[in-house]
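So the sequence shown is numbered by UniProt numbering: it starts at 1 and just counts up by one.
Note that these hints are calculated values from the structure, not bench results. One should not assume that every hint holds.
To be verified - With a straight-line cut-off of 25 Å between C-alpha atoms, the simulated DSS-like cross-links for lysine-lysine are: (1) Lys-243 - Lys-161; (2) Lys-228 - Lys-243; (3) Lys-148 - Lys-228; (4) Lys-160 - Lys-228.
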Amino acid sequence: MARCNTEKGKRKTVGGKGKNPTRSQKTFRPKKGSPSGSKGVQLKKHIDATLGTGNLREAVKLPIGEDLNEWLAVNSKIFLQWMESLKSKTSSTTSFELLISDVGRKGKKMFLRRCHTVDFFNQVNILYATLTEFCTPSTCPTMTAGPKYEYRWADGVTIKKPLVVSAPQYVEYLMDWIEAQLDNEAIFPQKFGMSWSAISTNFQDVVKTILKRLFRVYAHIYLSHFQKVVSLKEEAHLNTCFKHFVLFTTEFGLIEKVELAPLEEIIESILQR
């Protein structure tokens, strides 16, 4: 079994090791409001327009003249928020456009807020939340992606030596760690249009690590719980979320190919369409 350990580095504390009784509530990152500055509004309009067409390939492309880091930030937070919205969706709603409009009706301010990264986080968080009844320490004593891949947890600060933990514990650690990164305005600023030279020099490294680790949750869901997803009639939501995730991370080369191996066939199918 291949062991994919989380990299060590300068990371924020993920919190205590004890399991939170309301993890899905705690780790969902609510939007604090609109990003200030006209640039944030412009990027939101661009994403709204492209997503509204249902063309995910166009939606993930960097708009002409825009800063790559700012675009990565916007998209990162989008994926996180989308996950939260899925938690309350009915199984009959499978349209990407309906998902966007429904989030608006529920008063989700700036669905496509500061980062594509944040919204990827919320997407995964809420998709996984629908499976917590079935993904338990007893059913999933280790965080795996099929029989060949095992993931261990380390944040480089409070947990420096990679630990073997259950899948739910891994996801809890991960969501807490991501929240710590998103709360760090030196990495994910509230204001758009500012000089990115003032932002942390390791911004892209942080984004890549966040997305790589979120991929591991997708891999676990697909390879350990997909039949349950089908029984819950949520496969359309899962597939659309993952397609968006794959197109975005592939467009900018944000996840190394070796990390994508567990879902290689699914990814190839997405990219060939």
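Point to revise | Non-conforming hints, listed in increasing numerical order | key: Violated hints: 1, 4; rest satisfied.
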